[in-house]
Structures are given as C-alpha cells and as structure tokens.
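Colleague: Given these sequences and hints, build the entire structure.
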Amino acid sequence: MSKYRILNTRAPRVDAVDKVTGKALYTDDLKRPGLLAGAILHSPLAHARILNIDTSRAENLAGVRAVVTHREAGTVPYGVSPARYDETIFCHDKVRYVGDEIAAVAAVDLDTALEAVSLIKVDFEELPIVLDGYTAMDEGQPQLHKMYKNNICAKVNWHFGDIEKGRRQSHIIRTDHLTSKMQDGAFLEPQSILAEVDSQGGLTMWSSTQAPHYVQRTLAMALRLPLHKVRVIKPAVGGGFGPKASCSSAELATCLLAMKTGKPVKFTFDREQVFLHSRARHQFFHTMTTGVKKDGTLSFLEHHCILDGGAYASFGIATIYYSGSLLGGPYRLRNMKYDGYRVVTNKPACGAQRGHGAVIARALFEIQLDRIAEELGMDPIELRLKNVMEAGETTCNELYVSSFGMREALEAVRDSAAWKKKRSMGGKTRGKGKGIGAACGFFVSGAGYPIYRSRTYHCTVITKVDDVGGGVTVSSGAADIGQGSDTVLAMITAEELGLSLDDVKIVSGDSNLSVDLGAYSSRTTLMTGTACRDAARDVKRQILEAVANKLDVAPTTLDLKDGLVMSLSEEIDFSELRKEYLQEHKGFMDLPDGPDLTFREASRIAFLEIGSIIGTGKYKPPPLGGSFKGAAVGTSPAFGCSAQVAEVSVDLETGQVSVDKITGAHDCGFAINRTQVEGQMQGSMMMGMGEALMEQIIYDTKGRIVNANLAEYKIPTAMDMPHLDAIIVESNEPHGPYGAKEVGEGAIMPVIPSILNAIYDATGVRIEELPVTPERIIAAMQESKKKAKT
Amino acid sequence: MKKIISLTVNGIKHELAVEPRRTLLELLREDLGLTGVKKGCGIGDCGACTVLVDDVATFSCLTLAIQVEGCSVETIENLAKNGKLSRLQQAFVDHGAIQCGYCTPGMLMTSTELLRRNPHPDEQEIRQAISGNLCRCTGYQKIVDAIKAASGEYDE
Amino acid sequence: MILPRFDVLAPESIEEACSMLAENADKGVRLLAGGTDLLVELKSPIIPQHVPRCDGCPTHPDGAVSSTIDCKMWTSEPLMAPDGSLRTALADSKSASPACLVSLHKLKELKGINKLDNGGLRIGALTTITDIERSFEIRKEWTALAEGADNLGSPLVRNRGTLGGNIANARPAADTAVPTIALSGVLTLQGKSSKRIVPAENFPLGPGKTVIKPDEILTEINYPKLPPYSGSAYYKLTNRKALEISMVGVAVWLALEKPGGLVADVRVALGAVGPTPIRAESVKDVLIGKIPDENIIDKAAQAAMADARPIDDHRGSAWYRLQMVGTITKRMLKLAVKRAEGK
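Residue numbers (this note's numbering), protein chains in the order written: chain A, 3 to 792; chain B, 28 to 183; chain C, 17 to 359.
These are calculated hints, taken from the structure and not from any lab test.
Keep in mind it's a predicted model, so treat the numbers as computed, not measured.
Just so it is clear, CB atoms sit at the ideal spot from N, CA and C, and this is done for glycine as well.
Chain B stretches covered by chain C per the calculated footprint, using a threshold of three residues with CB under 8 Å from any CB of chain C:
(1) 44-57
(2) 62-76
(3) 82-93
Taking lysine to aspartate or glutamate pairs in the EDC-like style, the calculated list, with each CA pair at most 16 Å apart, reads:
(4) A:33 to B:53
(5) C:257 to A:653
(6) C:229 to C:39
(7) C:124 to C:31
(8) B:30 to B:42
(9) C:127 to C:147
(10) C:346 to A:653
(11) C:124 to B:81
(12) C:346 to C:310
(13) C:124 to B:96
(14) C:257 to B:152
(15) A:581 to A:595
(16) C:354 to C:309
(17) B:29 to B:46
(18) C:257 to C:166
(19) A:295 to A:384
(20) A:183 to A:714
(21) C:354 to C:281
(22) A:507 to A:469
(23) C:257 to A:662
(24) C:257 to A:714
(25) B:30 to C:23
(26) A:663 to B:150
(27) A:25 to B:104
(28) C:122 to B:81
(29) A:296 to A:376
(30) A:33 to B:57
(31) A:183 to A:770
(32) B:111 to A:20
(33) B:29 to C:23
(34) C:122 to B:96
(35) A:631 to A:341
(36) B:108 to A:20
(37) B:29 to B:58
(38) A:424 to A:384
(39) A:339 to A:304
(40) C:346 to A:655
Modeller: Here is the structure:
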C-alpha cells in the first residue's frame with residue numbers, strides 16, 4: 003500500500019489533452035493585433051571586419067517599419083555568465099561566425115522583411131579564420147576577441163590529492179583519447195519570439211525559452227530597461243535540451259524592434275537558423291591517463307581537455323568545469339588532475355546541452371574502465387562495482403553524495419539484461435557481430451549556484467486558494483519545456499492538499515509570477531518541487547487553522563484527504579459550517595451533503611474567516627562545495643546516477659550498427675511521476691545514441707555548416723531506436739522533496755560509452771572519434787588487421 | 028495573382044484566395060487558424076506538419092495549396108469527436124507518449140492513417156510507419172506502446 | 017525557407033501540359049509532380065542572403081559579382097531581387113527561380129500500375145512511391161523496384177513522391193532509378209508533337225541533368241517481361257534506417273538458364289558512386305555463361321567496383337564507398353540467384 007495517493011503514480015500529464023488535440027499554444031501559434039514580422043541579417047562570413055553598414059535601401063522599402071543595427075541597439079556587452087560578457091546584440095566591429103547577427107528588420111509581412119534584409123548593404127574586410135579547436139590556442143592563430151588571448155576563453159587547472167602518489171600505487175596505467183563533434187539540440191520546435199510593449203513602457207516577450215528569469219535579466223540589462231518592466235513568458239515549448247536556456251540576439255533584436263515600432267513583432271527561426279544559432283554541445287578533445295591498483299581500485303586520473311566552443315563564451319565557462327568536476331564520481335578517486343581549455347573559433351557558439359560538459363568526458367572514462375577491465379581480466383561491471391561510492395561519501399573535489407543508488411542501478415541492469423550469461427557466451431555463440439557493453443554516470447540535481455553571483459533564492463512558488471473555494475492555483479516561474487514540471491508541481495500540491503489533479507491549476511513560466519532559475523542543470527523537481535511542497539503545506543496550515551478555530555478544535559487533529567477534511571481524533575460537528583455554505587449557495591445544484599466536510603466548503607469558510615489564503619515556498623541550496631577556484635560548478639544539493647547496458651549487432655562487412663536493446667537504470671531518489679521519469683530516461687537514451695552513432699555538425703573550409711537541416715544532421719528515427727528498458731531506482735534523497743532528485747540529464751551519461759563498449763565487444767576495435775559511423779568502424783577494423791599482420 | 032481554390036478541411040468546405048506559392052501548411056495555420064498543425068523544418072525532414080489529404084499522410088509544408096484543390100484535408104483538430112478523444116489520442120495520454128508535444132500532431136495523423144489502413148500493426152510496422160516523424164523527447168518507446176494499445180480502434 | 021513567387025498552371029491533359037512547358041520555356045518553367053524534390057530545391061536558404069561583390073581589385077580589375085568570388089574586400093549584393101525572384105545569373109542552379117510551375121496533379125491518366133498482355137509492366141509517371149511499395153505484382157516479379165521504393169526517404173516522402181519525379185530529378189542515388197536501370201526500364205517522353213522512348217540508363221546526363229527537352233514530360237515507365245528464372249534485388253546502404261540518401265545503392269537483376277544452371281543474363285546498376293547511376297557493364301563478361309558460385313560472384317563484385325566512380329563527400333569517403341560496392345554487389349548477386357531459383 004503506497005504511502006502516497008498521487009505521488010509515485012503514472013498520472014497523465016496535466017497538459018496532455020491540450021497537446022493531443024492541438025490546443026496547446028507554442029510561441030509561433032500566438033497572434034497579436036497589428037503584428038509585424040521580423041527578419042535578421044546574418045553574417046555570410048566566418049570572420050571579417052565590418053567597414054560600413056548601409057540600411058537606407060532597406061528603410062525605404064514599402065512596408066518596412068524599422069531597421070536596427072548596433073547604432074540603435076547599443077553595445078552593452080552580455081552573455082551567459084557575468085564573468086564572460088562577450089556578446090552584443092548586433093555585431094559592430096567584427097563578425098565572428100557565419101550566422102552572427104548584424105541587423106534586424108520589422109515589416110508588415112515576412113516577405114517584405116526578408117527582402118529588406120537582403121537590401122542592407124554591408125562592406126566587409128575578410129579576416130583569416132580559425133576553425134580547428136585543437137590548434138586554436140597555438141601562437142600565430144587569428145584572434146577572435148581582444149579579451150581572449152590565444153583564443154582561450156577559459157582555462158581550469160585543478161589538482162586534487164596527489165597524482166604522483168597515485169602513479170606509484172598503480173599496477174596498470176593507460177592513456178586514451180576521445181574526440182567528438184559539435185552537436186545540435188535538434189528539438190522539434192525552432193525558437194520563436196513575440197515581443198510587445200505596452201503604454202506604460204513595459205516590455206513583454208513570449209519566447210520558446212527554458213529560462214524566463216535569466217532571459218528577463220539579460221533583456222533588461224542589454225536594452226537598458228528596469229527589471230520590473232520586463233516580462234518574459236514561456237508558452238508551450240517544443241523541447242529545449244539546453245540551447246534555449248539563455249537569451250539570444252534574436253530575442254533582444256525582436257524586443258528592440260517592438261520598442262522601436264511600438265507594435266508587436268514576431269520572429270520565428272527557420273530550421274537553418276536553429277543550426278546557425280547553435281548554443282548546443284561543444285566539441286571535445288579528451289585525453290585521460292588513468293591508473294588502477296592490482297585489485298582494480300582506481301588510483302589516479304590525469305585529464306586534459308580542449309573544448310571548442312565556437313565564437314562566443316555562452317555557457318562555456320561552466321561547460322569547462324563540468325567536464326572536469328563530474329569525473330570525481332561515481333567511483334572512489336582520491337587523486338585527480340584536470341587541465342581544461344575552452345577555446346573560441348569562428349563557428350557558431352556552443353553552450354549547454356543535456357548533460358553539459360560531462361557527457362563526452364564520461365564517455366571516455368567509461369571506455370577506459372572497460373579497457374582496464376580487459377587488461378586486468380576482470381568483468382567490466384564487477385570492476386565498477388568494486389569502485390562505486392556509497393551514500394554519504396564525498397569526492398576528491400568536494401562533491402557530497404547524500405543519496406547514491408549507483409550499486410543498485412548497476413546490479414539492476416546487469417541482472418535485467420542477463421549480462422553475465424551474454425558475456426560468458428562469447429561472440430561465436432551469440433552470433434557474429436553481436437556485442438554487449440555497460441557504463442555508468444552521474445549528474446547534478448540542479449546547479450548549486452545561480453549563473454550570476456547572488457544569494458537569490460533559486461525559486462519561489464506562490465499557491466493561492468480560490469477565494470470562492472474549491473481549488474488552488476500554483477504560480478511559479480518554473481519552465482515546463484516538455485519534461486513535465488507542471489505535472490510534478492500539480493501532483494505535489496494535490497498530494498499535500500488531498501485534492502484531485504483536476505482541482506489544481508498551474509500557472510508557470512512567467513517571470514511576473516516568481517523567480518525561478520528555469521529548466522537547466524536538472525533542477526526543477528528538487529528545487530521548485532521543494533518550494534511547491536512548502537507552499538502547499540503553508541496553504542494547508544492556514545486552511546486547517548481557520549477551520550479548527552471555527553470548530554473549536556486543535557488544528558493538529560485535522561487533515562486534508564480525498565477532497566475532504568478528516569478528523570484524526572474524535573468526530574467533529576461541522577454542521578454550522580455546512581449551514582453557512584449552503585446558505586451562501588442557494589439555488590446551486592450538486593451541493594455537498596456527505597458525512598464529511600469537503601475541501602470546497604473548508605476553503606471557502608477559511609476565506610470568510612481570514613481573507614485570501616496564499617501560501618509561499620522558497621528554495622535555495624545550502625553553501626556547497628570547496629573553496630578552490632571553480633568549485634561552485636558541479637556542486638549540487640544532490641546527485642542522480644545511472645547505469646546502462648547496450649546490446650548491438652554490427653555488420654562486420656559494412657560497419658553498420660544496429661542497437662538491439664538498451665537497458666537503463668536511473669536513481670532519481672523518488673519518482674514523483676513514474677511515466678515521466680521513464681520518458682526522460684528514454685529520451686536521454688535516444689539523444690546519446692544519436693550522438694554516439696550519427697550526429698555531427700559538418701563545416702566547410704569557409705566555416706559554413708554543410709548540414710544545417712534534419713536530413714543531413716541525423717537524429718535517430720523510430721526505426722533506429724530499439725526497445726528501451728527503463729528501470730527506476732529510488733534511493734530516497736534526504737535533500738529532495740519526498741526523496742526526489744534529478745532524471746532529466748543524468749540518464750544520458752552512460753549511453754555513448756555503453757554503445758561504444760558494445761561495439762568493441764562485437765568487433766574487437768576501439769574507435770576514438772565520434773560519431774562512430776559505419777565507415778569509421780570499417781577503417782578501424784582494417785587498420786587493426788594491418789597492425790596484427792606486422 | 029491569387030487563385031480561388033476550394034477544399035474541404037475537417038469536414039468544412041472552404042473557398043480561399045491563395046497565392047500560387049502558398050503551402051498547405053501556411054493555409055491551414057494562417058488562413059484557417061488551425062495552429063495544431065506544426066512547422067518543424069519546412070522541407071519535409073521532420074514530419075511535424077503531417078496532415079491527412081484524402082486519407083493519406085502528407086507533409087503540408089511541401090504541398091502547395093493549389094495541388095490539393097478539391098481534396099479533403101484532416102488535421103489534429105478533427106480527431107476528437109464531440110469533445111471525446113479518439114482511442115489513439117487517449118492512448119497517447121495514458122501511455123506518456125507526449126513530452127514537449129511538438130511532434131504529437133504529426134505523429135497522431137500518421138498513426139491515425141496507419142490504424143485506419145492496418146488496424147492491428149505489429150511493432151515493426153508501427154516503427155516503419157512513423158519513421159518519417161522525428162521526435163527528440165521520447166525515444167519513441169511510449170509512442171509505439173500507445174499506438175499498439177490503440178490498435179483495433181478502426182476495427183469494423 | 018521561403019518559396020520565390022511563381023505562377024502555378026494546372027493543365028488538364030498531357031498535350032496542354034507540353035504546350036505550357038513550351039510557351040513558358042524562356043521565362044523559366046519547372047514541372048511539379050509530388051513536389052518533394054522541386055519544392056525543397058526552390059526554398060531558398062536564409063544564408064546566403066547576399067552574393068559577394070568586388071568593386072575592383074587586381075584579380076577583378078572591372079569588379080565582379082559571383083557566388084564563387086574570393087576577394088578579401090567584400091560587399092554584399094542582395095540575392096533576392098525586388099520582385100521576390102532570385103538573381104538566377106548570380107545564384108547557382110539550385111536556387112534558380114522559375115516564373116511558373118506546371119503542376120501535373122490533375123492528370124490522373126499518369127497514375128497507375130498495369131501488367132501488360134505481353135507480360136511487361138507499365139507504371140504511370142505520377143504513381144506514388146507508396147503505391148509501388150504496396151504493389152504485390154511489382155514485389156513478386158520486379159522485386160528490385162519494390163525494394164527501391166521500400167526505403168526511399170520516409171513514408172511521408174513516399175506518399176507524395178512519384179516514380180517519374182524520382183527518375184527525372186536525376187540524382188545519382190535515386191532509389192527507383194537504380195533498380196529501373198537494372199530491370200531494363202524504358203522511359204516514354206512525350207513532347208508537344210513528339211513521343212520517344214529512352215532507355216533508363218541513357219536518361220541522366222549528370223546530377224540534375226537529363227536528355228529531356230524543354231517541352232517534354234516523362235509520362236510512363238515500362239519494364240519488359242522478365243525471362244523465367246529471373247531474380248532481382250536492391251540494397252541501399254545508409255547509416256540510419258530512414259530519411260537517408262544512400263552512401264551506395266546496388267540493384268541486381270539476373271536470369272538463370274535453369275535453377276542451379278548457368279547465368280543467362282545479368283544487369284547491375286550502382287547508385288551514389290558516380291555523377292549518375294552507373295550501369296556496371298563489366299559484370300556481364302564475368303557472369304554470363306557461368307555457374308554463379310562463390311568464386312565467380314566474387315569476381316563479378318570486383319568488376320562492379322572497377323566500374324564505380326565514387327567521390328568523397330560528407331556522407332562518405334570514396335574508398336569506403338568503393339569497398340561497399342564490392343560487398344553489397346556480392347550480397348545482391350547471391351540474393352538474386354536465390355530468388356531466380358525460386359527460394
């Protein structure tokens with residue numbers, strides 16, 4: 003018998019019916035009277051000085067209402083982290099990538115706006131370009147920004163414990179590499195923006211965003227408006243995954259156009275522009291040297307990484323830290339050295355994407371563990387089990403894991419996928435080209451600190467009972483971008499107040515409602531969930547106190563359950579309250595007449611007693627992490643963890659890989675909604691699989707994206723995805739509401755390495771470059787055959 | 028020069044003046060306000076804009092309105108009857124086949140066509156039928172489960 | 017992606033369609049079938065919004081405007097002309113902007129799959145790929161064509177795409193063109209006052225270029241009756257399993273004298289390894305008159321490799337594609353033999 007009525011069930015999403023009937027409104031579905039169309043002029047060159055911008059022909063085109071460049075926009079620097087404000091709304095002196103924004107137009111329709119854009123004359127002086135991240139730091143390379151000497155946007159040099167000691171303790175030491183490519187979020191809904199100003203000088207912007215609060219701040223700062231006059235509203239969003247978590251030049255430009263014209267302006271990205279904007283996964287060049295003792299326990303890790311983040315910093319200053327810090331777990335590791343360099347190149351800027359900087363790093367480390375296991379003659383899962391941390395331990399870089407179901411998750415996938423049996427069968431019995439591989443990973447459950455230095459609460463929630471009684475409205479700045487946070491807040495509130503989901507209204511994603519840092523770093527369930535629970539409890543307390551006072555009983559003897567007020571001790575006589583309620587509702591049908599006082603009545607009576615009943619909740623993590631530079635990034639009030647087993651079939655003559663099954667177990671602490679937790683796990687498996695086997699942004703020698711479309715940038719289709727087994731592990735996180743912590747990003751960690759380990763099992767070759775295409779596999783197999791002969 | 032065309036959309040006959048280059052997607056979303064039809068890429072790579080034209084799943088972004096003059100078009104707005112969800116829509120809700128919901132209209136139209144044509148498809152047939160509808164959120168598992176569960180919706 | 021402004025004409029007969037093509041040839045006219053290729057081609061990308069213009073430099077003393085210009089001092093010249101058309105002189109052929117499209121959607125007579133009295137097969141050019149995929153007739157006898165239809169694009173592409181469109185678009189990887197060549201398909205081209213038959217392999221001249229004349233329409237594709245003990249197969253080598261253009265495509269048809277007997281005839285066509293689909297002629301000499309055993313098939317696959325002319329592009333390297341021609345041809349020959357023997 004479950005402790006909870008609604009929590010931990012498979013309740014349908016609160017927005018499901020709207021989405022299956024086409025009623026859900028995304029930004030491009032919105033209309034406003036007098037709406038103008040916006041268009042943006044992008045740089046055709048990867049690196050060039052701007053000598054002159056002539057907008058006169060564009061301005062004179064019939065139907066054009068405004069043309070804006072840096073002259074109108076100003077050059078207030080902005081970016082994601084205050085430590086790296088390196089962007090301006092429009093380029094003013096230089097363009098730094100193909101796609102960099104130079105100007106914008108608002109016109110009566112899209113055709114006119116696009117034509118006007120093409121009439122803006124820009125004189126460029128081309129500059130040499132740097133496209134290779136690996137050599138971008140070398141002396142003599144073209145410099146993109148004055149502020150980044152040698153194109154180094156950020157660097158980290160960490161040393162925890164004692165590497166040399168670790169070396170001396172090692173029985174096996176090996177060095178391995180892994181290179182990836184820039185990726186794309188490939189969410190189905192391209193960014194869309196609708197901006198409008200009101201008669202009091204207030205700016206409202208609807209946008210397909212993950213972070214209304216951060217965007218609100220950037221708009222106010224860059225457009226020089228008071229914060230309270232800027233409102234950002236998130237309608238339904240068709241996926242984010244990270245690239246939508248920060249303010250874009252397009253959002254700023256659209257707002258500027260609205261301010262200039264006094265009319266609402268809408269700008270929707272074309273799919274090509276989604277690729278040009280990017281802010282998706284960096285390219286990583288990882289080298290890791292790892293040592294283990296004779297018994298398989300880890301002794302040290304020396305990690306070097308170059309991150310190619312395109313032309314601007316974006317989230318890069320956090321990415322570089324995640325790359326290093328999230329190797330401190332999930333295994334016991336006392337000695338870890340990390341040298342990371344985040345560089346800029348003349349390509350679209352990269353930001354945060356599901357799993358942030360930790361994904362490719364995790365991939366290499368897990369592949370390396372497999373190689374070590376092979377050298378030791380140990381089963382790869384057994385090697386991991388030998389090293390996993392337990393709840394209550396702290397990593398060498400001071401990340402404290404308060405709950406940690408890593409062992410349970412590993413054992414779950416090992417058993418569910420029949421790992422031992424399949425591994426012992428060996429290649430021949432299982433079939434030629436068949437392979438099975440495993441991997442682990444872990445991730446933060448919300449960043450420990452906000453992106454801007456502040457002691458702000460990370461979120462607040464305001465829950466108000468209907469003055470007329472019967473239901474509640476939960477107001478929160480939280481962003482449901484498809485992951486289901488609205489449903490989580492509704493379930494928590496319904497559980498606390500004993501209501502059905504139908505009686506809980508959620509209003510969210512609006513910066514006017516409350517501060518909420520948004521949907522990034524997998525924070526919403528733990529952080530906003532906690533604030534929401536507290537707001538609900540506050541409301542409950544107020545209602546029960548008012549009713550108890552009226553009934554002349556102690557409030558502690560009352561509870562709310564199943565839409566009713568229950569007495570925990572003796573029977574209560576609530577006839578006076580019911581009499582008043584019925585009197586108030588003469589002529590109404592379906593009035594309460596049961597033996598118990600209903601919530602409907604109780605909430606109304608409480609209003610009559612004390613006025614509007616409003617409960618608030620707030621959340622901020624305690625101070626976390628160490629005192630070393632960059633310690634903040636990677637800290638979190640809790641950590642989710644994941645294990646996966648992947649089974650593949652490789653055609654050994656063509657190199658084509660079929661993933662036959664993925665079995666994953668994720669410790670989410672406590673599943674508020676089981677279906678949604680599974681959904682996040684399965685979505686992560688799909689994105690990881692795509693990145694492992696087929697996703698890559700391809701550039702030509704002029705820095706233009708060759709495959710800026712969903713035919714040539716390949717994400718898995720329904721025919722590529724296998725059956726996905728999602729096992730929920732619940733370790734009961736003490737710092738999470740009801741024990742809950744993250745699932746949105748952690749489940750992607752094991753995907754790439756478990757697939758690559760399985761490919762090795764099937765083919766006998768290791769590939770050190772992602773994506774692992776059929777051609778790369780054949781090349782590697784032939785290379786290996788050649789080596790074997792010599 | 029605009030041309031007058033007539034076509035039936037969700038059972039209602041419309042007469043509209045359209046530019047020759049107007050796509051069915053633009054006509055549905057902008058001229059008829061059927062914003063349930065989504066634009067994901069505009070060039071037939073993602074399937075988000077899928078509608079039924081004479082009972083055939085079609086990407087509306089790559090169909091000119093003039094090409095479907097006289098045809099019968101069905102969009103997501105037509106699936107629920109008298110406020111009651113179709114079995115397929117209900118199955119999507121029940122099985123968690125929706126996350127961000129942007130691929131959902133296209134998925135539903137493609138799978139509605141599938142079930143009308145083949146009331147009891149196996150998993151392979153389902154995956155093949157929706158292989159032109161991309162989804163980035165779900166990994167397709169729960170979508171396939173929902174379509175299987177709704178099988179038999181159109182049994183005679 | 018925005019479509020340029022054009023007019024759309026909808027003829028009600030083939031003759032009318034040919035006349036419209038002839039009348040509008042000088043203004044720029046394109047034929048619209050399913051639209052899955054043409055409309056994508058016509059949707060201009062956001063970038064480039066401009067074409068580089070040089071106002072005079074040592075390399076271009078008189079100045080120049082061109083998408084291939086390579087000067088350091090670069091002034092942007094708008095790509096879109098005021099009337100919404102694209103500057104065809106400047107843009108490359110992909111962005112060419114026709115004044116009108118002739119849409120064939122009213123020509124129902126161009127649809128249909130019919131087995132002829134003489135045992136051959138006639139397919140109307142406007143027959144959709146889905147209809148081909150679902151035809152039992154085609155799958156039974158002209159199997160390679162059905163397999164070409166199976167994985168073309170996605171179900172949505174197949175519902176709109178047509179056999180005629182796929183062949184006339186003349187891409188080297190075209191999934192119905194390659195099997196059509198292997199199955200000795202012939203194309204009927206009808207003009208204002210002419211009608212001619214062209215073998216499928218002689219139709220394409222290069223990517224996007226064919227022998228078709230300005231007033232001609234591809235109206236039907238005919239496949240001859242296949243001799244007894246025929247078998248055919250087509251494989252499309254891709255990375256992901258749908259929505260792909262092949263890295264290599266191989267279509268094989270062969271006929272045995274009798275089951276277990278000598279090869280009487282064979283045709284192998286290769287896709288995506290040349291500027292057009294390639295007929296691997298060399299295979300004939302290796303296979304005809306021989307028992308198709310492992311050794312001979314191996315040699316035949318090598319011969320096919322010698323005929324292939326792959327290049328490096330972002331989908332695959334030349335060396336990999338060449339090797340795959342050998343691997344896949346071998347597999348398809350084996351499969352065709354099996355099917356020829358009725359297995």
